[in-house]
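Number of protein chains: 6
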Amino acid sequence: MRLLTRLLAPKAIAHAHCDLPCGVYDPAQARIEAESVKAIAEKYAANDDPAFRTRALIIKEQRSELVKHHLWVLWTDYFKAPHFEKYPELHQLFNDATKAAGAAGGKGSVDPKNGQELLDLIDKIATIFWETKKA
Amino acid sequence: MRLLTRLLAPKAIAHAHCDLPCGVYDPAQARIEAESVKAIAEKYAANDDPAFRTRALIIKEQRSELVKHHLWVLWTDYFKAPHFEKYPELHQLFNDATKAAGAAGGKGSVDPKNGQELLDLIDKIATIFWETKKA
Amino acid sequence: MRLLTRLLAPKAIAHAHCDLPCGVYDPAQARIEAESVKAIAEKYAANDDPAFRTRALIIKEQRSELVKHHLWVLWTDYFKAPHFEKYPELHQLFNDATKAAGAAGGKGSVDPKNGQELLDLIDKIATIFWETKKA
Amino acid sequence: MRLLTRLLAPKAIAHAHCDLPCGVYDPAQARIEAESVKAIAEKYAANDDPAFRTRALIIKEQRSELVKHHLWVLWTDYFKAPHFEKYPELHQLFNDATKAAGAAGGKGSVDPKNGQELLDLIDKIATIFWETKKA
Amino acid sequence: MRLLTRLLAPKAIAHAHCDLPCGVYDPAQARIEAESVKAIAEKYAANDDPAFRTRALIIKEQRSELVKHHLWVLWTDYFKAPHFEKYPELHQLFNDATKAAGAAGGKGSVDPKNGQELLDLIDKIATIFWETKKA
Amino acid sequence: MRLLTRLLAPKAIAHAHCDLPCGVYDPAQARIEAESVKAIAEKYAANDDPAFRTRALIIKEQRSELVKHHLWVLWTDYFKAPHFEKYPELHQLFNDATKAAGAAGGKGSVDPKNGQELLDLIDKIATIFWETKKA
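Chains as they are written, first to last, in our numbering: chain A, 127 to 261; chain B, 127 to 261; chain C, 127 to 261; chain D, 127 to 261; chain E, 127 to 261; chain F, 127 to 261.
In isolation and in its complexed conformation, chain A is listed as follows:
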């Protein structure tokens, strides 16, 4: 419901615009792909057909790559020097999250737990992101 409201009230999302050429950032992009990564791991665990599992790994690899890409863009293009001063943990948080996207993407085990850890790290980044938007 809240999300629907948000989708139908674009003028209220002034916080999503910034002053750079591409100008629009939202951690939801990384999060949606990460939800997909986790969901695929769950389906993989529940289905042992080899063709299904191969396809699951192919798509999971792509989704993980997209998670990393969206996070890298936030880290490089959105966050600036004053943010890194105020949130000294931010660099490491992004490094952990993109590493986790790799891990959740299939390095090591194919485990929904990895997907959840990835989601938790993205939520920490999102909390800081929206705090900087309010500032």
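Worth double-checking, as some hints may not be accurate.
One copy or two, either will do: identical chains are not told apart, so a pair holds if it fits within one copy or between any two.
Unchecked claim - When the alpha-carbon atoms are kept at most 20 Å apart in a straight line, the in silico EDC-like pairs for lysine to aspartate or glutamate are as follows:
| no. | residue 1 | residue 2 |
| --- | --- | --- |
| 1 | K225 | E211 |
| 2 | K206 | E243 |
| 3 | K225 | E243 |
| 4 | K206 | E191 |
| 5 | K259 | D175 |
| 6 | K225 | E215 |
| 7 | K212 | E257 |
Hints are computed from structural coordinates only; laboratory data are not their basis.
Start from chain A and add chains B, C, D, E and F according to the hints.
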């Protein structure tokens, strides 16, 4: 604020999971790219440096392509026969929205108005999408 | 032979040009990729080496994605309101064909039959496409 | 008409299948993109709106890249040692055609003549291709 | 000469292999693309033909994106906790370098000086990279 | 060490710049990806976990495609008529190397030997490349 709440409450988004392999859909993906398309048209209008304008058109073209891709995926992978029966306007709505993404992407004029029309069409799709999620 | 003639007689293909920026459409693009999807399913069935099968699924996934992309472009960029009035089944035909590209791409079984159904749907679209070109 | 017949008679195109994993080759893929390259150069010449011209160059660059890609795939994956023996000009023909795709793509002038030269080179390759299919 | 020697002596590059799935890292990948970014800025400055300049900006945008991608991969996949402890400036160095790739890619002015600053930052990263390889 | 020197001495690499728009060529790009192809084949042989092997094949396929792409660009964009006259074996060498990238990419067996053969072919091309740079 509401968005932040949502980002921090992943378990509440059960509606975002469906029964297909890639399993996660959200019209927000198309919407975020469309906000970018509109924002770029505004910056284009406000800056007549030729190198800036060329870069704006390059990036706008990419963002428009992403809007179309996210909408096409929703139309093909998420929506099913019962949805098209219940919402007979849905096919045309998607065709209009993807055409508008092309128009907003630079065909015809580079005009923030086109970007807004695209956002309005995506919001109509999102309304239907979230209704089907509640059903 | 006929195809060779066609390839050597570019001036005769006036029907392949339209009035949009990218200006050239041909359902053959989707069809060639769909032939590849079907051929890969046949080879998959005939060879049970695990590495071969994994590679077959990787390439089939890419080819299916290309089928969908070429069909989406036709549906959004080539076909216009008068076409959809004259051929009311066109929206559903494209939705079925792109869904079939997903299915033939590995959702469900890896079966040449799915590839053939995809080819049949593309041929129905091609028939309409060339009728509109003659009009 | 002939093309329509071909599209509706898939079983007749046995020549389009070969013994490799991806298994389907057709010079039409390069040709369709090259027709697009030439058509864009014509539209560019006929329209001096700067935003239109920039978009034309962006899309032309992408189409040229696709021409090159489709030609490279034919040269590496389809043609084999016996073909190169029988057609000693084949290497140079492909090198000229891919260089012409770069030229038609905007290196040097933006000229429909370059697009036509590219089409002529692709037609020479297609002639050889279909001869090897008949053999 | 030295490079040639290196290219002809693959067994000597044991340091380029690590224990991850994709397993091979080399800052040269980012550097080569960054040289391209700088070279394009020089050619842009020397040629005021509008079509040439538009193409230069299109290609520069792509090359800059590749610089960023190769740097992000190094930062996420190659460097580990002990590296970040030993080189506390490493996070900021990567953030500066990827931001500079964006700047050199056309944000702000199209200036070979930006390209050189990007190369200098990549060289600082490369120095640390090769030190960790020797360790 | 030698490589480090090279990376830290950008001004010494005048040979890496040419007179074309994208202007920078280096066989190291193909070589680094080919090292990755070979390394992945070694890891594949050493680990029989099915998920690991599937991921290895996915990434190997991508790396092989990049090897081919970098070689094709060198062959089409860098080498010119006088080079092909002076080195009549050059066309065949590139055709063999790109075919080997396909083979090393998983066609036939997944064998580090294929990766080594690919590296050897790239080194032959690199020798000629650097000779033409000195000329």
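task = Indicate which option fits the pair K212, E257 if close means a Cα-Cα distance not exceeding 20 Å: within, between, both or neither.
result = within (11 Å within a copy, 31 Å between copies)
request  = With 20 Å as the alpha-carbon cut-off, assign the pair K259 and D175 to within, between, both or neither.
outcome  = neither (46 Å within a copy, 29 Å between copies)
task = State whether the alpha carbon distance between K225 and E211 is at most 20 Å within one copy, between copies, both, or neither.
result = between (23 Å within a copy, 17 Å between copies)
query = How would you label the pair K206, E191 (within, between, both, or neither) given a Cα cut-off of 20 Å?
reply = Between. Shortest inter-copy distance 19 Å satisfies the 20 Å Cα cut-off; intra-copy 24 Å does not.
request  = Measure nothing new, just compare the shortest in-copy and cross-copy C-alpha distances for K225 and E243 to 20 Å and report within, between, both or neither.
outcome  = The answer is within: 11 Å in one copy meets 20 Å, while 28 Å across copies does not.
inquiry  = If the cut is 20 Å between Cα atoms, do K225 and E215 qualify within a copy, between copies, both or neither?
reply    = both (15 Å within a copy, 19 Å between copies)
task = Check K206 against E243 for me: Cα-Cα at most 20 Å, and say if that holds within a copy, between copies, both or neither.
result = So K206 and E243 pass the 20 Å test across copies only (18 Å; inside, 26 Å).
In this structure, the one hint that does not hold is number 5.
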